[in-house]
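Undergrad: Given the structure of chain A, go ahead and fit chain S with the ligands onto it with the hints provided.
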Amino acid sequence: MKEKVVLCAENLVKTFGSGHTEVRAVDDISLSLEAGELVLVMGPSGSGKTTLLSILGGLLRPSSGRVLIDGTDISAMDESQLPMIRARSVGFIFQAFNLLDALTVEENILFPARLIRGGYGEASKRAGELIERLKLGPRRNALPHTLSGGEKQRVAIARALINKPPLILADEPTGNLDSVSGQEVMMILHDIAKDEGRSIILVTHDPRVEDVADRILWLEDGGLRDRKSEQHSWVRDPVCGMRVDEWTAELSTSHEGQSYYFCAQRCLERFKADPQRYVKDFPGDQGGAASSGAISL
Amino acid sequence: MLRWMIKSLFLEPLTLLVAIASAASAFLLIIMFEGIFAGESEQIVAYVRNVKADVWVMQRGVSNMHMATSYLPDWKVRQVSELPGVAGVESILYLNTVVEVADQRWFSYVVGLDVPSEYAGPWAMAEGRDQPAAGEVVVPEVFAHMSQLGIGGTLRVTDREFTIVGLSKGTFSMANSVIFVNKVDLEDIMSSFDITSFMLVKAEPDTTPEQVAAIIEGAVEHVSALPASQFLKNDKRLAMQMGTETIALMTFIGGALAVLLVAFTIYSQVARQRRELAVVKALGVTNRAIYTSVVVQAIGITLASVAVATMIAMALLPALSNLIPAVTMTLTLVSVAKITILGLFVAVIAAYLPARQVARLDPASAFQT
Ligand SMILES: Nc1ncnc2c1ncn2[C@@H]1O[C@H](COP(=O)(O)OP(=O)(O)O)[C@@H](O)[C@H]1O
Ligand SMILES: [Mg+2]
Chain A
2 MKEKVVLCAE
12 NLVKTFGSGH
22 TEVRAVDDIS
32 LSLEAGELVL
42 VMGPSGSGKT
52 TLLSILGGLL
62 RPSSGRVLID
72 GTDISAMDES
82 QLPMIRARSV
92 GFIFQAFNLL
102 DALTVEENIL
112 FPARLIRGGY
122 GEASKRAGEL
132 IERLKLGPRR
142 NALPHTLSGG
152 EKQRVAIARA
162 LINKPPLILA
172 DEPTGNLDSV
182 SGQEVMMILH
192 DIAKDEGRSI
202 ILVTHDPRVE
212 DVADRILWLE
222 DGGLRDRKSE
232 QHSWVRDPVC
242 GMRVDEWTAE
252 LSTSHEGQSY
262 YFCAQRCLER
272 FKADPQRYVK
282 DFPGDQGGAA
292 SSGAISL
Chain S
-1 MLRWMIKSLF
9 LEPLTLLVAI
19 ASAASAFLLI
29 IMFEGIFAGE
39 SEQIVAYVRN
49 VKADVWVMQR
59 GVSNMHMATS
69 YLPDWKVRQV
79 SELPGVAGVE
89 SILYLNTVVE
99 VADQRWFSYV
109 VGLDVPSEYA
119 GPWAMAEGRD
129 QPAAGEVVVP
139 EVFAHMSQLG
149 IGGTLRVTDR
159 EFTIVGLSKG
169 TFSMANSVIF
179 VNKVDLEDIM
189 SSFDITSFML
199 VKAEPDTTPE
209 QVAAIIEGAV
219 EHVSALPASQ
229 FLKNDKRLAM
239 QMGTETIALM
249 TFIGGALAVL
259 LVAFTIYSQV
269 ARQRRELAVV
279 KALGVTNRAI
289 YTSVVVQAIG
299 ITLASVAVAT
309 MIAMALLPAL
319 SNLIPAVTMT
329 LTLVSVAKIT
339 ILGLFVAVIA
349 AYLPARQVAR
359 LDPASAFQT
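Chains as they are written, first to last, in the working numbering: chain A, 2 to 298; chain S, -1 to 367.
Chain A extracted, bound-state conformation (with noise of 0.2 Å):
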């Protein structure tokens, strides 16, 4: 398989702050990825995740190590040409999904393409497609603060494939949504890569598209690891029954003297709103303090 490299990270190194207070978020990571492809890169949370998309995205410098997307270093570009490099090559994704409150669906989605020059009319026809292919159509005129937060989402995908972008970088992308619509963002994103041979890299905690992902990344204190599948913790999310790896899981809570594992944002809010209800019907399926956590699904 001969595929074209669209990105190449060599060496990526990322400090904070200096002296003994110095934080190495990126230590030493090069990786490459190739056209269709999606690596999820996955490790607990602080473990350097987001700051690695940055660097990759051409948001933050790296301290030393270069990156090169679609054979351009942007690395040793000054700073005023890498937003045209951002809005051109890369697609992104956010947690909190960042669309624009005072546009509509159609304008947020079209805001990139008045980025870059040339084509808007193609990139007006295209919007109409994004809209059409996720089933955003009677959304079109709506403001963001009238959507849910499956089709911010998808608003979000769309914005971040406009300009056809070879690089897709998403943070998270189902953190703040329910296991429902968070599975129907990551089909999306799969289908983006296998359909249009973008490559995307995806930030995650949710397990079940570790099955169509292409790689994993394992990162832990800035560095890649080697990670194997029995290294899963597996849980049960108390609230909806989902599993989730403890490990990896970045919303957690403790209700007396217990751990418990969310697969989302909603699960938590629902268990801290009524913990006994959930603890009831749960009984020690979690890992706590005592049982020192794995246990086999």
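Everything labelled a hint here was simulated from the structure, so no lab data went into it.
Everything numeric in this text was worked out from a predicted model, so none of it was measured.
Positions of the beta carbon are idealized from the N, C-alpha and C atoms, including for glycine.
Warning: the hint list may mix true and false statements.
Said to hold, decoys possible - Reference excerpt, derived from the structure (chain S facing chain A, CB under 8 Å, subset only): (1) Trp2; (2) Gly83; (3) Val277; (4) Ala280; (5) Leu281; (6) Thr284; (7) Ala357; (8) Ala362; (9) Ala364; (10) Phe365.
Claimed, not checked - Over the 10 Å line for every Cβ pair with chain S, so calculated as not near, a few chain A residues: (11) Cys9; (12) Asp28; (13) Arg134; (14) Gly150; (15) Ile217; (16) Lys273; (17) Gln277; (18) Val280.
Claimed, not checked - Between beta-carbon pairs, the in silico distance windows are: (19) A/Gly138 x S/Met(-1): 25 to 33 Å; (20) S/Val346 x A/Asp227: 53 to 61 Å; (21) A/Gly120 x S/Phe343: 33 to 41 Å.
TA: Frame of chain A, contents of chain S with the ligands only:
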């Protein structure tokens, strides 16, 4: 980009409205102040502007009327009247003094008229006679409004009582009003006789004021003769000079106030939009494009404020002049143009701080939740 910013502004129409209204009041302050100043300056030269003289003749070296003193012997009036090119001469005696009306002291020109006077007296009357005899005075209508003094009332000028026989229009000003008495009384007050302060000369139809002035200066010793237009210009310059510093200060204060208000609006708009601005930067909007939109926003808000202020001023000025006759205000195109230019400066200065704020926004923060 700009479309988005403007739409964002309109997302909070009330905030926008308050911003425009408050900046407009700052501009209104400037317009009003300039209006009052312009109106008052016009009033200071009201007498010189309105009497129908072609050439003014006065003591040599004197070149204007406001705050000036000029004395000429009476016989020179006859001498001037016999010169070629001179169609007629009227003379006035003139004193700067303070007149007390209803416990308020008004600085006034007291014009002593050689009655009957054809064109040196009041140019517009509201009521009564315009030719005061001995012991009589013609005062601005506004005096009467202020003090309930009407025709037949009495008024003190220096140490003498006068009976009001006429109320004139357009003769009041906060800086100096014009009142008319008989020349005989003024001579008596000044204890000097057979003198005159200014000659108001009419030129023959075929001679220009300049020619007549030259003829007079050539033939009569120790006098200055100036065409009325030149004389008016000299007085105006003097009147303006007295207020320029005040007006400059007020313009500065009003302008600074407007800067603060517009800057605050833009600044809080940018602060409220920090997250979205980081997002658009992440999506590939350049700092320069954001600056431009911030400046355009500031200009838009400022120009809207100037427009609102001008419209309010246009609506308010005539009403205000009627309401407070003591204040003369005029709104000139020049002052509106001045305000607009000031507004553009205001906008650019106001945009500076927010623009810096935007430049420092980290696009990577778009990833933060
Ligand atoms: N702007 C920053 N300044 C200082 N430290 C930072 C900054 N961004 C991230 N970090 C630190 O870098 C490490 C990695 O953070 P991040 O990339 O956000 O991790 P993840 O996305 O995997 O949770 C953390 O220890 C975090 O505190
Ligand atoms: Mg993160």
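Undergrad: None of the hints should be skipped; say for each whether it holds.
TA: Hints versus structure:
no., hint, result
1, Trp2, "6 Å, holds"
2, Gly83, "75 Å, violated"
3, Val277, "4 Å, holds"
4, Ala280, "6 Å, holds"
5, Leu281, "5 Å, holds"
6, Thr284, "5 Å, holds"
7, Ala357, "10 Å, violated"
8, Ala362, "4 Å, holds"
9, Ala364, "6 Å, holds"
10, Phe365, "5 Å, holds"
11, Cys9, "21 Å, holds"
12, Asp28, "18 Å, holds"
13, Arg134, "21 Å, holds"
14, Gly150, "13 Å, holds"
15, Ile217, "21 Å, holds"
16, Lys273, "18 Å, holds"
17, Gln277, "29 Å, holds"
18, Val280, "27 Å, holds"
19, A/Gly138 x S/Met(-1): 25 to 33 Å, "27 Å, holds"
20, S/Val346 x A/Asp227: 53 to 61 Å, "58 Å, holds"
21, A/Gly120 x S/Phe343: 33 to 41 Å, "39 Å, holds"
Hint compliance for this structure: hints 2 and 7 are broken, all remaining hints hold.
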